[in-house]
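Trainee: Single-letter residue listing:
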Amino acid sequence: MRNVNEGRRSFLKDIGKVSGATILATTPLVSAFAKESGAANEKKVKIGLIGPGSRGRYLLTYLMQDPACEVVALCDDYQPSLDAALKLAPQAKTYTDYRKLLEDKSIDAVVIATPPAEHHVMTIDAFAAGKHVYCEKSLAFTPELCLDSYRKYKESGLVLFVGQQRLAHPVYIKAMEMIESGAIGEIQGIRAHWFRNGSWRRDCPKELDRKINWRVYKDISHGMMTELACHQLQIGTWAKKMLPKRIMGSGSLTYWKDGRDIYDNIMLIYEFEDGVKMSYQSIISNKFNGCEEQILGNLGTFELEKNRLFYESIPPAPGILRLINEMEHKVFSAVPFAGTSWAPETAQEYKGEYVVDPRKLRPGSDGTDLLLEQFVRAVAEKKPNEWIASQGYYAAVLALLGDIAMREDRVVEFPQELIL
Amino acid sequence: MKDLVISACRVKFELWSLFACFVLANVVNIYSIISFKSNWGELLSMWYVVLALSVAFYVAFAIVRLLIMVIKRVVKR
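If you're matching them up, the sequences are chains A and B in order.
Going by the numbering used here, the first residue of the first sequence is number 1, and it counts up by one from there.
Going by the numbering used here, the first residue of the second sequence is number 1, and it counts up by one from there.
Think of the hints as simulated: they come from the structure by calculation, not from any bench.
Be aware that one or more of the hints could be misleading.
Unchecked claim - Below, simulated DSS-like cross-link-like pairs (lysine-lysine); rule was C-alpha separation at most 25 Å, straight line: (1) LYS241/A / LYS174/A; (2) LYS37/B / LYS351/A; (3) LYS44/A / LYS382/A; (4) LYS37/B / LYS330/A.
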């Protein structure tokens, strides 16, 4: 039986082996260059989009901008979604059954953006039909189905990407490089949270409720774990280069009591072998704290959503500003009615440093566009990216194990059989 | 309205005053680097503070000269 530590070491090896090339390939400059050469010289990758709902259409807008690919087919059993997608890709052929789409031999790859409960069967059917797959998170609905999808991917020799867009985001990539080089010292903790205020429900006829509001039903979606947490938990394991040893958590429905059976208030701890913990909290009835991933080292802290790095030892303000500040305090503290009028407070307030110069980031990009570009290029070159596939797999497994820990109210040890 | 004549002598005096203020501001910068044990790179990186300080010293010097001139005139009367 495979040793758990051996599996975890293999995880580390996989990270190290491919991370350099992946980092290079994901810089915006290289992506832009690749886009141009794709347009000029190579055959376009033909893509079928399965599930052009809100997320699917978001992906579609990026795919339509990529000159290296062409969206030739759309599939949905909900006509309004299909109609809305056709406005973006009027030339695409439409299907209501994804299996018919897969029969189209001209299609090279599929993008699956249906609810999570459908991901596994569509992914394995796509591989069986010889199609490369970009599957939105989570990869599948249970850890075992994730493993099956991953094994089918390996057997197929085709490309598998999972919609974990932070893997392609320059801020995250740069931060991981800096962590590797010791910029924040040793990681002592990871804190991730996603707070928002909204029910996830959309108005619709009662008979369409489960089709439109699938996110709030536990037999179709695992709610916050598969919709939100999987993105952020994956950042923790990427930074630690380690899988957690055990997972514990608590979930409840505290506010949106509208007939849903998913939680709206969750808190989990993922504990690593070395004692470091990754905490995750999400509430969808208060947005004060927003969304963030903090990686805490003994020398500094990353706040990745804000693109910031804070060092523990704050560099002092320049000498001349400190001198002026001191003199001003001496003068004004002696005068009872006056106050410090122009004390150089900016020298004392530490706002951290940018991880990546914001001027070098694509405006409005959360990494989805970059990840899709990488996918299209991987398909065009017929080069599976093992690291991205395994990261997508583990992101789903981490989220799903967390859901199990909450629902079964127990501490879950990371199963050996789920380690690749 | 009378024409305002600024002599070459006056211009030279003001320029030398400004230069002296600039030197003084640099001396203050050097003093602050030594006393706070800062990086000597601040000699260049804090150029904008030195410039602002030079102007501040020049304006203060101008105010002092103006006050002296006003007092002298009042005393003469």
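Trainee: Compare the structure with each hint and give your call.
Mentor: Here is what the structure says about each hint:
1. LYS241/A / LYS174/A: Between LYS241/A and LYS174/A the Cα gap is close to 15 Å, so the pair holds against 25 Å.
2. LYS37/B / LYS351/A: Holds, at roughly 23 Å.
3. LYS44/A / LYS382/A: holds, 13 Å
4. LYS37/B / LYS330/A: The hint holds at about 21 Å.
Figure legend: structure checked against the earlier numbered hints; every hint is met.
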